[in-house]
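Go ahead and model the full structure; you've got the sequences and the hints to work with.
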Amino acid sequence: MSSPEKEFLEKIEKHKGVVFKISKMYMDNKDDQNDLYQEIIYQAWKSYGDFQKRSDFSTWLYRTALNTAIVFLRSEKKRSFIQNQNIDGLSARQEPYNDTDDVNMKRMYEAINQLSPIDKALIFFFLEGFSGKEIALQLGITEVNTRVKLKRAKEKLKEIITRQGTGSY
Amino acid sequence: MELENFKELWNKDTGQESPEISLEKQREIHSPLEMLKVNMETEFWLMIVTLPLLLTGFPFASTDSNIKTISVLLTILSVAIIVYFYSRFLKLYKLLRKNSTNTNYDLFTLKTQLLISKEIYISYYIAYIPLGFLLSLIQINFHFDREYNLAIFGISLLITLLLIAFIIKYWIYYMYGRYIDDMVRLVDELNGIEVSQRPEKRKTWFERSQKFFMNKMGIKGNILNTVIWFVFMYIFIILFLALVLVIIIIVGAKLDFLDIGSLQRALNKLN
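If you read the protein sequences in the order shown, they are chains E and F. For reference, each letter of the first sequence is one residue, going 23 to 191 in the numbering used here. For reference, each letter of the second sequence is one residue, going 43 to 313 in the numbering used here.
It is worth saying that the hints were derived from the structure and are not from the lab. No false leads were slipped in.
Straight-line distance between alpha carbons at most 20 Å, and here's what the computed SDA-like set of lysine to any residue pairs gives:
(1) K173/E / E236/F
(2) K79/F / T151/F
(3) K160/F / F86/F
(4) K160/F / A122/F
(5) K155/E / G234/F
(6) K110/F / P172/F
(7) K68/E / T151/F
(8) K253/F / L95/E
(9) K262/F / E249/F
(10) K176/E / I235/F
(11) K36/E / S64/F
(12) K262/F / L95/E
(13) K33/E / I63/F
(14) K68/E / S64/F
(15) K160/F / I210/F
(16) K211/F / W247/F
(17) K68/E / S73/F
(18) K54/F / D124/E
(19) K36/E / K54/F
Chain F is faced by these chain E residues, among others (derived, beta-carbon under 8 Å):
(20) F42
(21) D57
(22) Q60
(23) R85
(24) P139
Think of the CB as a built atom: it goes at the ideal place given N, C-alpha and C, for glycine as much as any other residue.
Spelled out as structure tokens, the structure:
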């Protein structure tokens, strides 16, 4: 294994969880989530040479991941939707926690899945705790525009959750 | 529900169920630009193989050595134009692999590159179609002074324009345009431009067969689908041309603006 490849794999290992969470935000079934995850890793590896440590690796990776996810072409394969997916995929975690968390997490991703690709990106940054200024920088839009868009995205998400029926969350 | 609860859930999800990391390229195409590249590459090779056959063989085959020479020259010129335009596209494609600065910039660059690629593509079709048209006029020994030759010229021109319109509207849309439309919508949405809801459309036969072949064979399925529809398009164009001419002759004869006897004599002279 070449040195850049080893270096890249070591770095990506630390962030693969967030990359997979992005995949779950954008795709509603397991196969597509895996495909998107692999595509993000592949695209990140392809442009790793251009990265040149100009910014923080995680910030660069998130941006690459979101850019890939936003334009990702869904597979043409026939797949079962997340609604039919059993909970096993969500329970293989290091940290043990209860079934309510599993169900709520599943519902959270189902709700986010219904947003537009741009709104998903905004919600991702919000959930990751980025400030308005940081989101604006990442998306390349003004801070004012970011605030307006984020507010709208949150409202849409609330509407979706209300439609889903009130849960505990 | 509060979105703050989402934050809590989000932080609890470690994403540890993620699959094994692989740096290998996937069997399927998931990026619009890559889809365009594969489609353009397939079409490039189809044109390189079929255009010389078309321009030197059916329907332009002739025993006249002058026409043969012109056909060969036109073929070389047409292929050179295609190679030039394709190389321009590849250059643009490579430019896109540069490092990103932010999402808006990346999406805008991608959108612009896709739109430019589309224009390049349209240009190369428009560039070689008049050559083919000219060749067909030479083939029929065209003279303005002959009876009905002006009409034949007009009809041929009309059909050529119809063909270009057809290619731009359908072929370009299904091969490239629909991916470009998606990009335009994304950039518009990000920049606060009102985006209208996309109307729900039934899948076309092209999309259905593409889905079927890609499902079975991945990228190769997409290439096979393009080849099948490319051949089908050739057949369709020939049948379409024949049908338009037959309709014009029948309508012309019925409405008395076309004399069948004179047309027959004009056609005999052409042969």
